[in-house]
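**Q** Sequence:
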Amino acid sequence: MIRIENHLGTIEISQEYFAYLVGHAASSCYGVAGMVKSGAKQGLRSLISRRSYADEGIRVRSDNDKLIVDLHISVIYGMNISAIAKSIVNKVRYTVEEATGLQVKKVNVFVDGMKSE
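For what it's worth, the working numbering labels the leading residue of the sequence shown as 1371, then goes sequentially.
No lab work stands behind these hints: they were computed from the structure.
Computed from a predicted model, the values in this text were never measured in an experiment.
Any given hint might turn out to be false.
[What the hints assert, rightly or not] With a straight-line cut-off of 20 Å between C-alpha atoms, the simulated PhoX-like cross-links for lysine-lysine are:
1. Lys1485 - Lys1475
2. Lys1436 - Lys1485
3. Lys1461 - Lys1436
4. Lys1476 - Lys1456
5. Lys1407 - Lys1485
6. Lys1475 - Lys1461
7. Lys1436 - Lys1407
8. Lys1476 - Lys1436
Please model the entire structure based on the sequences and the hints provided.
**A** Put into structure tokens, the structure is as follows:
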């Protein structure tokens, strides 16, 4: 649950909503082969249940009144990684700010693998 307090009150948005929103925005960018499990919690959960989750490779947290998004992705071999990362940062920031009205402080993109087409 993402919880942000401001002068009007408290805003609470579920982690599942952010996972869907951010995951769809990131995976729709050209050159992204998919999301990669990040952290022990996601790895252990995938070993136990053997199914994919919406928050795979995504972590959203709040810093004061702004959001920080961490993405772990796999890219298509031969693509310009810098261009892919810039595209993801711009699209995720725009999508989250338009859908929620909350400011995104930072989008961190971690390239954890490459896949051939």
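**Q** If a hint holds in the structure, say so; if it doesn't, say that too.
**A** Cross-check of the supplied hints:
1. A hinted pair counts as satisfied when its Cα atoms are at most 20 Å apart, and Lys1485 with Lys1475 does not qualify at roughly 30 Å.
2. The hinted pair formed by Lys1436 and Lys1485 fails the criterion: a straight-line CA distance of about 33 Å is larger than 20 Å.
3. Under the criterion of a C-alpha separation no larger than 20 Å, the hint pairing Lys1461 with Lys1436 is consistent with the structure, at around 17 Å.
4. Distance hint between Lys1476 and Lys1456 is fulfilled; the C-alpha atoms sit about 12 Å from each other, no more than 20 Å.
5. With a CA separation close to 15 Å, the supplied pair Lys1407 and Lys1485 stays within the 20 Å bound.
6. Distance restraint check for Lys1475 and Lys1461: the Cα-Cα separation of roughly 14 Å lies within the 20 Å cut-off, and the hinted pair is therefore satisfied.
7. Restraint check for Lys1436 and Lys1407: not satisfied, since their Cα atoms lie roughly 24 Å apart, outside the 20 Å limit.
8. Distance check on the hinted pair: Lys1476 and Lys1436 sit about 9 Å apart at the alpha-carbon level, within 20 Å; holds.
The earlier numbered hints that this structure contradicts are 1, 2, 7.
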